[in-house]
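Participant: Residue numbers (this note's numbering), protein chains in the order written: chain Y, 3 to 316; chain H, -19 to 276; chain G, 63 to 615; chain L, 18 to 524.
Just so you know, these hints were derived from the structure itself, not from any lab. Incorrect hints may have been included.
Mimicking DSS-like on lysine-lysine, the simulated pairs with C-alpha atoms at most 25 Å apart in a straight line are [as the list claims (entries may be wrong)]:
1. G/K122 / Y/K125
2. L/K203 / L/K224
3. L/K224 / H/K45
Please read all numbers here as calculations on a predicted model, not as lab measurements.
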Amino acid sequence: MVGYIIQRILAAIPVMGFVALFVFLMLRLTPGDPAAIIAGDTATPEQLDRIREALGLNDPLHIQFITWIGNLLQGEFGTSVISGKPVIELIQARMEPTISLALTTIILSVLIAVPLGVIAAWKHGTLIDRFVMLISVLGFSVPVFVIGYLMISLFSMQLNWFPVQGFRPIGDGLGEFLHRIALPTFTLTLLYIALIARITRTSMLEILGDDYIRTARAKGLPEARVLMRHALRNCSVPIITVIGIGFALIISGVVVTESVFNLPGLGRLTVDAVLARDYPVIQAVILLASLIYVVVNLLIDIAYVLLDPRIRYS
Amino acid sequence: MTDQTNTAPGPAHPTALTKVREVVFSSPIALIATVLVTIIVLAAIFAPVVSPHDPVRLTPSERLKPPSELYWLGTDAYGRDLVSRIIYGGRISLVVGVGAAVFAVLSGLFLGLMAGYIRWLDAVLMRMVDGLMAIPNILLAIAIVSLWGAGLWTVLIAITIPEVPRVVRLVRSVVLSAREEPYVEAAIAAGSSTFLIMRRHLLPNTIAPLIIQGTYICASAILVEAILSFLGAGINPETPSWGNIMAEGRIYFQINPGIVLWPGLVVSVTILAINLLGDAVRDALDPRMAKRGIDR
Amino acid sequence: MSDQLLEIENLRIALDGNPDQQVVKGLNLSIRPGQTTCLVGESGSGKSLTALATMGLLPKVLQTIEGSIKIKGEEVLTASPGRLRTLRATAMSMIFQEPMTALNPVARVGQQIEEVLEFHSDMSQGARKKRTLEMMEAVHLPDVEKMYRSFPHQLSGGQRQRIMIAMALIMRPQLLIADEPTTALDVTTQAQILSLIRELREQQGTAVLFITHDMGVVSEIADDVTVLKLGEVMETQQVEQLLRHPQTDYTRDLLRSVPSQVPRPPSPAASDEVVLRTEDLCKTYGGTGLIRKGREVRAAQDVNLTLTHGRTLGIVGESGSGKSTVARCIMRLIDPTSGKIMVGDEDIAVMKQSDLKARRKKFQIVFQDPMRSLNPRREIGESIIEGPLNFGVSRAEAMERARDLLELVGLPGSAIDRFPHQFSGGQRQRVAIARALAMDPDILVADEAVSALDVSVQAQVLDLLADLQERFGLGILFITHDLGVAAQICDEVMVMQTGKVIEYGPAGEVLGNPKQDYTKALIAAAPGRHWDFANFRPFSEAPASAATPANQS
Amino acid sequence: APVSAQTIIASKHSALRVLDPILTTAYMSRNHGYMIYDTLFALDEDVTPQPQMVDTWEVSDDGLTYTFTLRDGLMFHDGAPVTGEDVAASIARWGERDSMGQVLMEYVDTMSGSSDDPNLFIIQLKEPYGLVIDSLAKPSSNVPFIMPKRLAETPSTEPVPEQIGSGPFKWVADEFQPGVKAVYEKFEDYVPRDEPASWAAGGKVVKVDRVEWVVFPDDQTTLNAIQSGELDYWEQPPIDLLPILEANPDVTVRNTNTLGYQTIIRPNALNAPMDDPLIRKAAIASIYQKNVLDALIGNPEYYELCGAMFVCGTPLATDVGSETLTEGNGQDLARELLEEAGYDGTPIVLMHPTDVGTLRTQPVVVAQAMRDVGFEVDLQAMDWQTLVGRRASQAPVDEGGWHMFATNWVGADVFNPLVNNMVNGKGPDGGWFGWPEVPEIEELRTAYATAETLEEQKEIAAQIQELAYDEGMYAPIGQYFVPSAWTSNLEGVLDGPAPYFWNISKN
Ligand SMILES: Nc1ncnc2c1ncn2[C@@H]1O[C@H](COP(=O)(O)OP(=O)(O)OP(=O)(O)O)[C@@H](O)[C@H]1O
Ligand SMILES: Nc1ncnc2c1ncn2[C@@H]1O[C@H](COP(=O)(O)OP(=O)(O)OP(=O)(O)O)[C@@H](O)[C@H]1O
Ligand SMILES: [Mg+2]
Ligand SMILES: [Mg+2]
């Protein structure tokens, strides 16, 4: 197991290396000049050049890349070109809303979607099944921001149940935290319910046709027991996998949700950084997002081992 | 005794056309989905004929009009007819959707076949694919669009690139499992070259999953285009696409929610229909279903 | 009548409840307490459905449209779901064919057994566990405490089947339904399970409905036998009676098709020309991990075999003994780790694939699974001509020949543009053989080429192979785990165990007079080896000349 | 931190990114500067300079020596008193960056504090210059803010490392999250003037404890937030949303920036065919301001057709040369000009920023107008930052160059020929993006700088405008006003060319 984890971590190195190179090249080989942004409208070309020089943007590409990677390996993410703040500080300040939203969304979606998927599979072909499937395809089809606007207009403006926008850290009290994060969570959850309910239903359907389900029924077990203990447990691997894939999706969904609900999270940090050509920030955030994805998938692989005794590494 | 059982049952192997018919008529839902997709596609193709107004021309005097006889769904902030823009918008959105699906599937197919058959390439390619998968697709797309400038092509590329790794993985896994099939081994034994084996035995296996994957990519590309527009990194707002109609109209949500909700509805219906079609195709191609059909 | 434990009357099961699509057509069957009834018949004859209907576990697409199933006089078909659940554990229980998949892979086996008690008894937790362990001991599982905590994948097939049996019997039901419980197991394991079922029946007085297509098994275990054909009962008889005096043609055909365990006389060698020879062929799987060494499997070790023109060499052995590995090495579908493979005087073991291509004409293979070995998306004609086309034969010519070949293997030439799914299993295997022959090979490797087929079809394919061999002088490397089949077709037999060749010689020698313990055990375990099905009598009653073919040659 | 009644939550038009208002001309940075820095002079609502940090000042008879005495008790946020040395260093740094400051510096011989009296600040000119006080009172980017000498000595190409000023608010560095929020606290030791506040002049009396500038990425959300009371002040609500805000009794909507904004279109004089003044004029002639403003603003209450390059409502306003823009009758003229110039149909690359609400309309309207008279227009969508990078390129179009773009200026940034970048005629070397080279106009600007009377200034300004139109240097394509909105519990919101947060009370 330990050997397996080490191997997986080692395997992540070339992956992250590729991400780093890809992001770096993508940024540097495209137009746009942070110096022009810093200097503003009236800067002369010489002033621009001096700013560029100071930012190290005049060095040859490979030098810039090596410098950057070298710094990264020393845990040095650089400073924002625009605000002059250390990137790591910017990221730290923006982590909480994003991670909170991602976690509340995943938890809520799993709590709702898994039972829905189970019921749909169990009642396969009935109206209930159709209904669940319709909801989940719908959740997939409506753009996130449309859902967000509808949520706000219904729950905040009409009913006054939730605030329109903003984020409160969990440190300010759980109640306030939940009150603020509720609407964004509901919005994103719809998407995830769709994703998870579908995969739950599909894998449940598959597994309900398996021999050991017949065995369980032949033992005279109640249906609930058959479904939850025997079928669902065996679906956990695909469901967990989808949650892992969903993590990448969620980061994307978060970008939009953060805009609609004005949450000061990583998604907006990235969008702002991209629009401002704040290279160190873009690089760091994308690298971080990729790292999270890789780590989450590693954790999921480890979860496989815990959930499915057949899977054993080393 | 076996000889008598079935030497000539059933029709010849289903042709593409019968297969399509089978899918379309497999369930009422599939039928409805097909009809919807057809309507939307036809509307987009014949946009100049069916749109009541010019979708691009500005008429400042007519801005933000509520729905009326003249403007069925009202006008946007530039006085452009919403109905016409939605109809024309279908062109861009569908081009983006179909384009992304086709590009992603073709490049994914090529790379996936390569990876599935060439060992050393597999190792390199898979690391790259893993890397690309790890980058959140919207972030990647925003970065590409805003860095390269917002044109149809850029948006298309930006939406396609993150989809390619998924296709590569799919094709590769199909190839890897098909490669274990005895009939592929039989082909090797018959002295067929790698290329021939790919063409004759592996490629056909990837088609069904790719059609399904393609429909999902198509749907998700339409959605991503909308989101990119929303985030200000979409296609030139002069050209209507469902995404930028919504993105431009969103601040008028309280004045005329229709500006966002109607295109939103069209997007949802389209994606819904495409997804349902994808599901229908999957059901029709599902090997277990097929097996049952044969046993009968 | 009422002394019957299970009574099935006029059972009709139809697809979607449609009377025109009946798959079980008016079946009658009854079992007394303590009696074992075998349900036999070819694949698809409705054996499993009958069992499932009895348990109330029919898949949704199939419905009983008529008839009654009574257990201890209580109607099953109309029982409430709750009542049915109670009946399932307490009155009747069932074990299934596939021990690999019939257990929940993520739950500990002990708990899977105990679960039954949880719902159908009011025992305390401690008592439940105790009872479970007792039951596990009763089915002769070793080290039950440890086994209790194991997961299914940690057990062998035989052990898993024992778990299934323990699970089925823990509530002491009066009826045990066993649906092909041993088909997936090695003969030795099969023998153990069969004797276990016999033992339990004797100890607990359980009635058994035993489903099988293997006449050997029937002869070992049955009191009564019911023969099914396409959903209809052909006859029901006491076992001895049935084997000796089958009433219907169908049963007679069935019995005649059972391959005899007695080796046929070797065919005269057409020439002494060696077509294939291996020298110290070895294959080791795994062990090439970059970071940590993968598990090494030495699947074939120092295999030396010689195949002569026009003769058949059989490779027998239990699952995992390395039979397929040898075949695949010879075909160069995998690369041998070491050793030589001499075809003529060329060593193809280390030949590059590109050079090998030209030599591929000479050796062809027929695989076990007739469905999977033909590309389902290609017309069979395309599959047959694939090889010839690769060797520069024109399309028209190849097609012409393909038609001839189809006729040769007993299919109409007009079938050439059909797809594999439009054929039955046996027909598909004929197509696969035609494809191999299209290359005019010298050597035909048949890896379990008849294992997936019903006995009657199996007999036809074996005949076909023998016929072709005679006509074309093929050297056949025939791989099987079925000693009866090996006895039918092989001139020489090689016995493998865990990758090693342990006995190799003329078929009559090896099968008739085995030297090695392993071979002896293998032969001893084969069910029905005392019975000469084809002649409707035990071997002991046969004329001396037929019983020992060794003296014939 | 908990929300108290004494905190104003404000949504600004964009995110505060660069904290140094001298380094950049970004309006957010300027607004930030007004919070934490103070100025020597400031304009009042009559557009007249009034002393702010300065207590008294005098000019020597030869007009070459200006002596300023600072008010007593001025103090930086770090506790140090404000001295003439600090002022000298700050003005010098500003003079390196700001266009009007650069002109001033051409006349300045020395600037210094005084060792005798730390409150003294002395400017010694080389020759007389009429706009010294006007320069020091410059109301918009870059504003000559006063910072401590140690910070003002930072090279003008690098941001100051610390945000220390002597203004009415203190910068709360810990709570700053770029792109999310900027927080200011009342500076308790600030000594306001006694006069009532008027624009940035008069007493800057702070009546709340804190001001938070929160960035709202989505206008729809901002609208919801101010309606639900989660936001107090909205600097620039989109004009189309004003009816909703006005209909809300809890929200006040008022235009505080009376000079408003000038939106402009700028051709690039370096790239053919725009290197031909006739083509530039043709493009300008094709435009009708009303179409632009209708599309951009819609409600005529909030816009004004105005051909005055130096902004309608200022002393220098004149409509000379602007008839086609305000009358919309230039299409025929445009076609003639095109004919005359022999336009060959080369597509005109018009850069179109899609991510800035107040800039994404103009290119669309202009493109349509130009197409209507026979131009081929290649409307290229991009984000604003790409545009900012690309417009700096003097290369030909196929090497990343461009032909036209549109932008907006706050009135105070273009209201005289010295600050108005578009009438800079220095060409590729020293000119502003577009780089027209018009030596005559440079002579006129020098004459303006040394003009003695307003009459003289007006006359020169009119000549400049006429010449600029004739050269097709740029076109103002409309003047518009962006009202701000605030909840009714705010009182005392000031008018001015920038938003100020003193004088506002919250209850
Ligand atoms: N789930 C199902 N759906 C449709 N048809 C089915 C299904 N299960 C079985 N059948 C059909 O019912 C018939 C009888 O099947 P059954 O499984 O009882 O055969 P069997 O005698 O057990 O064969 P085998 O020896 O292969 O197990 C077959 O023709 C089969 O195709
Ligand atoms: N690709 C492989 N990688 C690793 N181990 C393998 C591989 N193929 C087979 N083995 C192992 O090699 C051994 C021999 O396998 P092989 O398939 O040759 O057995 P077999 O005699 O054909 O068995 P069966 O009767 O089940 O087909 C087994 O232990 C098997 O698990
Ligand atoms: Mg069966
Ligand atoms: Mg094998």
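Participant: Compare the structure with each hint and give your call.
Facilitator: The hints, checked one at a time:
Taking the CA atoms of G/K122 and Y/K125, the gap is about 12 Å. The hint holds against a cut of 25 Å. Proximity of L/K203 to L/K224 is assessed by CA-CA distance (about 8 Å); at most 25 Å being required, the pair is judged to hold. Under the criterion of a C-alpha separation no larger than 25 Å, the hint pairing L/K224 with H/K45 is inconsistent with the structure, at around 43 Å.
Going through the hint list in order, the structure does not satisfy hint 3, though it satisfies all others.
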